[in-house]
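Asks: This is what each chain is made of:
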Amino acid sequence: MSTTVIEPASSSGSSPPVGDPGNAAAEARFAQATQLQLTWWRFRRHKLALVSLIIVVLFYLVAAFADFLAVSDPHATDARRSFIPPQGIHLFDEGGFNPHVYGLKGVRDPRTFKLAYTPDPARKLPVRLFARGYTYHLFGLFETDIHLLGLEGGGRSDGIFLLGTDQLGRDLYSRMMVATRISLLIGLAGVTVSLFLGVILGGISGLYGGWVDTLIQRLIEVLRSIPTIPLWMGLAAALPNTWSVTQVYLAITIIISLIGWTELARVVRGRFLALREEDFVVAAELAGASQMRIILRHMLPSFASHVIAAVSLALPAMIVSETSLSFLGLGLRPPAISWGILLQDAQNIQVLAGAPWLLSAAVPVTVVILAFNFLGDGLRDAADPYG
Amino acid sequence: MLVYLLRRIGLAVITCVFISILTFIIIRLPPGDFVDAYIASLAASGSTVSLEQADAMRRDYGLDQPLPMQYLRWVGRVLEGDFGVSMVWRRPVAEVIGDRLWLTMLVSLAALFLTWAIALPIGIYSAVRQYSIADYIFTTLGFIGLAVPNFLLALILMYVGFRYLGLNVGGLFSTEYVQASWSWGRAWDLAKHLPLPAAVLALAGTAQLIRIMRANLLDELRKPYVVTARAKGLSEARAILKYPVRAALNPFASSIAYLFPYLVSGSIIVSLVLGLPTVGPLLLQALVAQDMFLAGAIVLLLGIMTVIGTLISDLLLTWIDPRIRLGGR
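These protein sequences, in sequence, are chains L and U.
The opening position of the first sequence corresponds to residue 1 in this note's numbering, with each subsequent residue numbered one higher.
The opening position of the second sequence corresponds to residue 1001 in this note's numbering, with each subsequent residue numbered one higher.
Reference excerpt, derived from the structure (chain L facing chain U, CB under 7 Å, subset only):
1. 233
2. 238
3. 349
4. 353
No wet-lab data here; the hints were simulated from the structure.
Predicted model, so just to flag it, every value in this text is computed and none were measured.
Ideal Cβ positions, reconstructed from N, Cα and C, are used throughout, including at glycine.
Just need the whole structure built from these sequences, with the hints factored in.
Replies: Shown next, in the form of structure tokens:
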């Protein structure tokens, strides 16, 4: 789509995307820019969205390299290291740079005679970069046992406990890395299903209009007026106990996208209705282009950015849904690890009072949702660079 | 007006039918039927049921008929107020649910009113003093409110209350009133416990509404009639509150329709964390124990109450907004 005539940016209501509006060079640049460039320029001005984009990318990097970043096997239980508070890595030792953590020492409580394991400052265990740990498959393909951090020496129960351990002695930090992967992927998978439903149904609705449109719009209204959590709980609880982790994962994805598509369908329908009357679409029709070609070649590029914005706003909702369901014990089931499952451990106030670090899984949930929301806002503003 | 009313009520009825079908699916989803589960629960407590008895029960509940017929029978029973028997509690479902449904609605409604009460003044302030420090603070708080799922907020609040204030912030009644029958004292006790869960629930909605109110009012404030009002020497408060705020309120009012289902949804999970005597914990127990009649009844009732609530809010909206009343839209 070429744009030969473009009014000066300053007169179009919003401020220009680049530099000084009086600058002729900038104006020429603006006039020649592709839509993608314009969108990027406008998006770039939204600083919060830019920062959010970086955060989201970082989160997905963590998801991709979850096992590499983990320090100990997230599934390995060890009763001896139950509820160990978070341990920092001590960077300096006797004046020199020598990162180390303390080993564990069994101490008998003088009153209860219970053996409790606490860090022992006398036993220093050096921390090494790219150390060997448990074996895993990087990207599910390459078998390796290299981890970003690892201990040199030390007993079976010793380890780096950046965020402490849970009741079963599993390292919370390692679990959180792996949980990030599962929680973010389920969001992506859910959005993909929603996107598919939303684009198809919203497209049909906007393209054909008439009773099909009415029917789909009523269906959306009906779906939106149902309280979702009880419904999800009902559907999720009905999944057979015998199902494998993967099957449950897929089923939960479908359940949470069952409602999520409505917003996407609305956006797609709205764009279809708006674009149907546009001159370039009419022109394409008159030129004898097939309907498929009009949709894919002419309409899709102009509403793709709106859909992307809607997707980035739908993703956090998906992540919250999965977290809520798993938190209730109705979503993913252990041994799967997700943020919701980590938070499930923090449900009990007595446990929480003794081990507040279990709440730390709330931090990535909040940060990623916030980042997606800002990103979505920025994308939505940038979606229509000619507006 | 009448056409709109009929259309709106028709839609509500369709929604209810849809919810009932979904509920029926939920009831029927677990493997085996109700009688199987009932026999299993009887067997667990030592008594046995003969095959003839089981078949008689199946006939009695119409389980030998095709699914659509079963659905109609079930709906018929529900319309008569018979939700079946809870397997875990061995009592009629209606009895088990009791007060809890009303308390759920009460918490959700309280959250709704709180949302309004907070969002309205802050929204106006943020729009009138756009880009002031307070505006930025409210916007940031709003975003955080939007991003933190409310059950997480409830968890953090519980922890802070327990750890630093030595309070147990859960529940809707003090211990002496939990089992008591209704009295003024109990109602007052409830009123004292209500604000916290309502506030937890209200936060996300408030954040959204503040943003809507701020955006709407900003649009209105730029219109020439506001300039005219100011030029004619109206006091600032009057020039803002009398017309632009009222015009900005319309989309605000329509937000109840989507806010209410959301609040009811949220109340389920917040109730679980805060230990409120609403249907939330009951629903989870029922689902975990596969007590499907109880779970189904709760999902159905919650859905229908939400639809009714939305309907009422829409009717209120027609009263506020003449454009809808006159069929313009």
